[in-house]
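K.L.:
From first to last, the protein sequence lines stand for chains A and B.
Numbered according to my numbering, the first sequence spans residues 1 to 480.
Numbered according to my numbering, the second sequence spans residues 1 to 204.
Treat the hints as calculated values from the structure; they're not laboratory data.
Among the clues, some could well be false.
Listed below are the simulated DSS-like cross-link pairs for lysine-lysine, each with C-alpha atoms no more than 27 Å apart in a straight line [claimed, not checked]: (1) 199/B x 34/A; (2) 173/B x 34/A; (3) 477/A x 448/A.
Far from chain A, by Cβ distances over 10 Å, these chain B residues were calculated [what the hints assert, rightly or not]: (4) 36; (5) 50; (6) 87; (7) 161; (8) 200.
All C-beta atoms, glycine included, are put in the ideal place defined by N, C-alpha and C.
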Amino acid sequence: MQSAFSTNDAITALPEILLACGAMAFLMLGVFRKGDSNALITWLSVSLLVAAGIIILLAGDGRVTAFEGGFVTDGFSSFMKLLTLAGSAITIIMSIHFMRAERIERFEYPILVVLATLGMLMMISANDMISLYMGLELQSLALYVVAALNRDSVRSSEAGLKYFVLGALSSGMLLYGCSLVYGFTGATGFEQIATAVQADSDNIGLLFGLVFIIAGLAFKVSAVPFHMWTPDVYEGAPTPVTAFFAAAPKVAAMAMFIRVVVSAFEGITPDWQQILVFVSIASMVLGAFAAIGQNNIKRLLAYSSIGHMGFALVGLASGTEEGVRGVIIYLSIYLVMTLGTFACVLAMRRRGGTVEDISDLAGLARNNPMMAFILAMLMFSLAGIPPLAGFFAKFYVFLAAIHAELYPLAIIGVLASVVGAYYYVRIVKIMYFDEPEEAFEPMPGEIKLVIGLSGAFVLLFFVYPGPLVTAAGAAAKSLF
Amino acid sequence: MIISSLFFYLFSAIMIAAACMVISARNPVHSVLFLILAFFNASGLFILLGAEFVAMILVIVYVGAVAVLFLFVVMMLDIDFSELREGMLQYVPIGVTIGAILMIELILVGGAWVLSPETASLAAAKTPAPDQLSNTEAIGQLLYTKYVYLFQAAGMVLLVAMVGAIVLTLRHKPGVKRQVVADQVARSPKTAIEMKKVKPGQGI
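This is chain A alone, in the form it adopts within the complex (with noise of 0.2 Å):
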């Protein structure tokens, strides 16, 4: 007789469990209550979020598996789930102003946010191939969903449209490596296979699998050659889901990435290695090269955020502790960046409606110098121009991959971000010496929030960078 679900069970999933309740219960208040409720639904899904996140921090930081080994809570899962949850929950405070001034708000919407940040929670303490796809399937779901919220508009349709049937392709892949790697090992749990894999590493169909579900996998993080849906969906995409999508997804799935690659692979890691050194030496240069051409912003973000994933990718290739490490650095970092990135594109508003050409940014500087200043520092961090964050971000992939021996690697990485810092900082020249156009219209307090936490976190991160990058250790160190 197997043995049922426990107590302790639940209390390692309980913010899983409090997320999936949550919404349910809020499905149901949205549904019921007579009126508008879209303004109390959309600050209990974030006070959900935040009742989430203080769960987690309480829960100690020690390994433990429930279900059966299918789901596990450690120093990394903690980490990373922090880090999705507070993106999730900026993500909806910033699309408030956004949804109300183009008539799309919906209470539906931060309730999806919460229904794919649970798939976002579940793909980061996955420990099984199936709880793994279950997470990822509900993730992308609600994600094919919110792309084609704006459902009146043909591009927003036509993002949702290219992302699903995309998205239904990589889930495919991923599934197809994941039955291989079943026929191969016996196993679906991580520990089964990384045993199997142990013992027989030279196995053709075990490689044949392992390439299936990177293909997958890289398909979620929008890396290079599974890149194309990128730029078209974040364009499509009303501007606040897009921030989400560039976002929370991209830090539950980098995670889930690495514990795949980390935890079932670890005994074929030279096979993993060469795969994901092509993979993000791709990523960075078509990143790098393809947003050159960009003249609208939201689609030049989506160049930079395939770019900035071959970055973090740069330290998975090194497959060390220390690797970990610099990608858990690099993503945090890379969060508070894109926030406040988008939220500075969420600015961008004229006579009541958007504007999202790099030329409407014309003369920000004499119009609003505060954020033209902060936009120009976010710019030049995501170039990863000292002293900034996104320096230290790059710093600590690049030093992984030295010290793993993974010469050319880090030397086309330090090129390709070279390039890249051109079309960042053309960006800033616009501000600053083009001539000004029409002011924006003012920003709501929200917006300027955020646009100020994150410009003050990449100006000031180089005083005290102690406490994230010991925290970023202990999380790594949890992993191996």
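With chain A held as given, fit chain B onto it using these hints.
P.N.:
What follows is chain B alone, placed relative to chain A:
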């Protein structure tokens, strides 16, 4: 034994033929009907394997729901499939090349197939033993104990799908008259009927 292998070849042959007809039939409605035939034969194969629960689920879900849904879509949407197929010939060479490469790779992988010792021991120790439980019971025992987490997660995925369908398609139109059962039930002769005394020869 010979009968079961005869049935195996019968079901497989019909299934393969039906599958070929699905992609080659000109009329999409015929394609869907052949798909249903293929599903029925697949469930026959499952019964031969002793997996009667999966066989029934296949008929109920795929034939009863999915294929009928296909049929509705095919009949309701005016899609000209012959037009969709027009450009197909020019993609055939690429498709065949990619298919052939994948096929060769899969054969190579299949050639490397060695059962790991874990798999052999897993296959040997079936829990629960097949002769003690029907397979519906066995699935139920696993689904609600070992896989309860995945079961609940699947429920959440379906919930998101439902919410998504509503968010993307439901429109509240003003001025639509809806049936309000409570109002209908609350109606009494007093509110619905008015009695008038009409004097002869005068009208109202």
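K.L.:
Hints first: check each against the structure and report whether it holds.
P.N.:
Going down the list of hints, with the structure as the test:
no., hint, in the structure
1, 199/B x 34/A, "50 Å, violated"
2, 173/B x 34/A, "17 Å, holds"
3, 477/A x 448/A, "37 Å, violated"
4, 36, "23 Å, holds"
5, 50, "21 Å, holds"
6, 87, "18 Å, holds"
7, 161, "6 Å, violated"
8, 200, "52 Å, holds"
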